[in-house]
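Undergrad: Residue-level listing of the chains:
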Amino acid sequence: MDLFSGLISGFQTTLQPINLLFCFAGVFIGTLIGVLPGIGPTGAISILLPISFGISPTAAIILLAGIYYGSQYGGSTTSILVNIPGEPSSVVTCLDGYQMARRGRAGPALGISAFGSFIGGTLSVIGLMFLVFPLAQAALKFGPPEFFSLICMGITLLIYMARGSIVKGIIMALFGFILSTVGIDLISGTARFSFGSPALLDGIGIVPLGMGLFGISEVLTNIEQPEGGVILQTKIKNLLPDLQDWKRSVGPITRGSLLGFFLGILPGGGALISSFVSYAVEKRISKHPETFGQGAIEGVAGPETANNAGTGGAFIPLFAFGLPSNAVMAILMAALMIHGVAPGPGFITEHAEIFWGVVASMYIGNCMLVLLNVPLIGIWVKLLQVPYRILMPMIVLFCLIGAYSLNNNVADVIIMITFGLVGYIMRKFDYEGAPLIMAYILGPMMELAFRQSMIISGGRLSIFLERPISAVILGITALLFISSGFSYYRKAKTGAIRKFASKAGD
Amino acid sequence: MANKSDIVVIIFWIGLSLFVLTFSFKLGLGNLRDPGPGFMPFLLGVVLFIICCFLLLKLLLKVYKRSEIVKEDHGHIYFWRIGLVLVSLYAYALLLETMGYLIATFILLSILFRSAGSKKWVVLLVSSAVTVLITFFAFTYLGLRFPMGILKWR
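Chain order of the listed sequences is A and B.
Letter by letter, the first sequence follows residues 12 to 517 of this note's numbering.
Letter by letter, the second sequence follows residues 62 to 215 of this note's numbering.
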């Protein structure tokens, strides 16, 4: 199927009333959770995953993907009007977006972020269409050793690009791998770490794990502090940016689209890193960097475009290699697998309807999002006034119903609450959940690839270096490790010198 | 700089890795030609153990060098709220099938609304009752079977 006929068939799939409804529901829920601080796309997708079991895989992925890219649109509204990021990827939008709103320019800030998001989102879908085929073709040449090396590189990149400590990232990834070994071993049939509990024989479910780590823990984190954040009492007018605003934003939007798309492909990249890099680039190349942080429209246009462009790029490793690049993609992959669809090199040809349906839904979803976020912005602003004391019990209740509905079993509820507590404690000690969930999803694939490689080679570890593609990937992984170790050492050394200098000064 | 709690967390990870090592050893490691079910968990346990021992050593050296142990300041945290929510969630899970969805969820929601900051009891009880009924009928319509517990009439 060529690109054009594929896209036409994709539109035919998406334009079916039921799929269109799920596309709208996805972007609507996405915008909603983006606007409301306190729950992110990972948590929302985990919570809604059980709902997707009863619908077709195409509709399920259209719905869940819509939540993901829709949340990137909504996140900017809270950043601009309340100075609290609705999503982590909208953190940098607070810097200039809120300043613009304080100066009475909330309208253009919201407008440019919506239009930038639309342009970035649409361009990234075009990029996805063109890049995923050659990569999927290349992936057909991959055997177990190559996949093992690729998973190692993916996890290393994720840890490397993590926000916090690299060592903590490694610990979380190892914990995720260990959790993935719970249940019956597929090769020998032995029960591992199940302690005689029937609930653990099938392993820990991704839904209770995700809901606990990202939903319940988020709620616990939010209830520990009194409510904060005041909505800026400003009239939102002139949502359409003027010619001057457009002139200043064309460059940031173009650069943001490219940066966001390519960074989104990298494991651990996605929307968050894209927005930060875009802001840094815009500030560095600006003729007036001093205006950044004071309400520069470039500081809103670039990052908001980049975080949406990142969402399209993030689908490429999932569709081409069957490897998720971030926590949201990991849960989307779990959703596909629950429906009996395995993402990977053969996915695009074997499940062309799902692939093209999702691609077409992203075009349509982006158009819906502009309509939702520009003319209907007033509704979202009103929603910002819903107090957390009402939202919190609702989020918890949906998590409980979602976990129970999996198998009509309270064991899943207990697992979810326990991982909620684990997630909360992890947050307190700055351990990130993303490496854990990624490693949890990739763990069984990595173990299988490793054991198959060992059987193929007769127990020779050198097989990973003898195969050229695997050797190159492992070489890159080693370089990443060395580079992160070097930067860790340099930071420690600089810290020690500074400390010594300050003591000498005293 | 080192926190006492950082050391406690690292000790927890070391404990976990030792547990994984022991358990996976019992599962059977096999060999490189034919890795057993305990092979991969054992490998993961070894890596986790080494990293955590290295971290612990580093933290202890910092403490030994008296490079101040930092006292954590988390601001004003309502720990009682978290404790209350967690205890009620576990109690809910344990009592759900005995008490039934309607009663257990009504009690849980009342506690959650209260711990989230709702002050007026009448509003709180009415909101809980309405939410329970709406979710019960909506999800039953979608095909979910909730436990009826003591309200089961047959």
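Incorrect hints may appear among the rest.
Below, in silico cross-link-like pairs of lysine-lysine (DSSO-like), each with a Cα-Cα straight-line distance of 27 Å or less [said to hold, decoys possible]:
id, chain 1, residue 1, chain 2, residue 2
1, B, K123, A, K439
2, A, K179, A, K439
3, A, K179, B, K123
Rough simulated footprint, nothing fancy, chain A against chain B, three-plus residues with beta-carbon under 8 Å [what the hints assert, rightly or not]:
id, region
4, 106-116
5, 190-202
Simulated from the structure, these hints should not be mistaken for laboratory data.
All values reported here derive from a predicted model rather than from experimental measurement.
For every residue, glycine included, the Cβ atom is placed at its ideal position computed from N, Cα and C.
Undergrad: All the hints need checking, so say for each whether the structure fits it.
TA: Structure-based check of each hint:
The suggested pairing of B/K123 with A/K439 holds, with an alpha-carbon distance near 21 Å, which does not exceed 27 Å. The straight-line distance between the Cα atoms of A/K179 and A/K439 is roughly 13 Å, inside the 27 Å bound, and the hint therefore holds. As the CA atoms of A/K179 and B/K123 are separated by approximately 18 Å, the hinted pair is consistent with the 27 Å bound. Taking a C-beta to C-beta cut-off of 8 Å, the region 106-116 of chain B contributes 6 residues in contact with chain A, enough for the three needed, and the coverage statement holds.
Counting residues of the region 190-202 of chain B whose C-beta sits closer than 8 Å to any C-beta of chain A gives 3, which meets the bar of three, so the coverage hint holds.
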